[in-house]
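Chains as they are written, first to last, in our numbering: chain A, 1 to 120; chain B, 1 to 250.
Some hints could be false.
Below, a list of computed lysine to aspartate or glutamate pairs in the EDC-like style, where the Cα atoms sit at most 16 Å apart [as the list claims (entries may be wrong)]: (1) B:K226 / B:E180; (2) B:K44 / A:E105; (3) B:K172 / B:E207; (4) A:K54 / A:E105; (5) B:K172 / B:E240; (6) B:K219 / B:D176; (7) B:K44 / B:E13; (8) A:K89 / B:D176; (9) B:K226 / B:D181; (10) B:K44 / A:E106; (11) B:K195 / B:E240; (12) A:K89 / B:E180.
So, partial list: chain A residues that the calculated Cβ filter (under 7 Å) puts toward chain B [to be verified]: (13) V95; (14) L97; (15) T98; (16) Q99; (17) A102; (18) E106.
If you are wondering where the hints come from, they were derived from the structure by calculation, not from laboratory data. Glycine residues also receive a C-beta, built at the ideal position from the N, C-alpha and C atoms.
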Amino acid sequence: MINAEFLMLLGGSGAFLMTLYWVRVRELRERYAITWLAVATLLFLTGLFPDALKYVARQAHLSDPALVLFLALAAIYTNSFFVSVTLTKHYRWNVRLTQQMALLEERLRRLEDRKASGEP
Amino acid sequence: MRNLIVIPAYNEEEALPQTVGRLQRLPIGFEVMIVNDGSKDRTKEIANGLIANSRLPLYVAHLPVNCGIGVAVQTGYRFAAADGGYRYVIQFDADGQHDADFIAGLVEQCERDGLDLCVGSRFLEDFGPGSRSTFSRRIGIRFFAWLIGAMSGTTVTDPTSGFRCLGPSAWKRFADSYPEDYPEPESLFWCARNKLRVGELPVRMFERQGGVSSIRKMKAAFYMLKVSLAIVFDRIRRTEVSLPAPQPIA
Chain A
1 MINAEFLMLL GGSGAFLMTL YWVRVRELRE RYAITWLAVA TLLFLTGLFP DALKYVARQA
61 HLSDPALVLF LALAAIYTNS FFVSVTLTKH YRWNVRLTQQ MALLEERLRR LEDRKASGEP
Chain B
1 MRNLIVIPAY NEEEALPQTV GRLQRLPIGF EVMIVNDGSK DRTKEIANGL IANSRLPLYV
61 AHLPVNCGIG VAVQTGYRFA AADGGYRYVI QFDADGQHDA DFIAGLVEQC ERDGLDLCVG
121 SRFLEDFGPG SRSTFSRRIG IRFFAWLIGA MSGTTVTDPT SGFRCLGPSA WKRFADSYPE
181 DYPEPESLFW CARNKLRVGE LPVRMFERQG GVSSIRKMKA AFYMLKVSLA IVFDRIRRTE
241 VSLPAPQPIA
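I would like the entire structure built from these sequences, with the hints used as guidance.
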């Protein structure tokens, strides 16, 4: 019978395997894979030990679904935030490379002009 | 003393030849760099064609994609930093709005008053109709002038002016880090906040001769919000005591 615990076990295993596959084919860097492996592990363990989730929910005075929703939103928020940080960093690198390329192209043009006109 | 005039250009095929033509009256010592910001029209070909006929040394850098005015201007600063031989860097619009006759005045004022940034202001003197922007823009400009004054104690009248002359302390820092979108108020605030000497000179501006403004009506609200936030964010940063040296590329 399919229940929430089974779905979590399935989801955790799937996420784990998918992460490993993407790292294996070098489409996902190890540093980012760590986060996704942690999420997969959390899902898997929650499926294996559902009482742990219920214990945390009781301690936090939340219902089980509310706790799951809260954890999911926290994970999405954290991940999205760091994706934004990474995008910003990559944007800066792209800009720097673009500028460098344009400036080197201009320098090359001047060198070629100088060579064409016979200057030393 | 060599000075570099940086002209960021995006889709300026109509106005660029005239703009560069007006600069040819400047004395020896001024050099020009056009930064083509990934234009989709014939700006690239036109800019390349201007090199051979320019009396002043003319350089052209082509950014392969449109990166925005901030990145284009910073490319000019990076070029100056890589060269290492320039004293002042002047930012000058490609659309024909700026009057080349005031460039020497901006440099002289920087020299005379020891300024790190001298902004050409439309509002210090009345040069006639059409020289002071539209009413709605003037409201925005006044708001930024007030915000910069309130947060740095520096009085300015035209913080959005892209006609400006920068001394080495300013442009060497901007070669390393410069605001990306709508950079003029932010960069002015950075200079004021970091105790660089900022001044203004009355200049005449014309109606644009071609191309389109980087700030269109739809973007105006975003522009106001983004720049205001950027200034507030910059206020909470540390004052930069020592300026980082730009990385040479050549």
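Violated hints - listed by number, lowest first | Of the numbered hints, 3, 4, 6, 14 do not hold.
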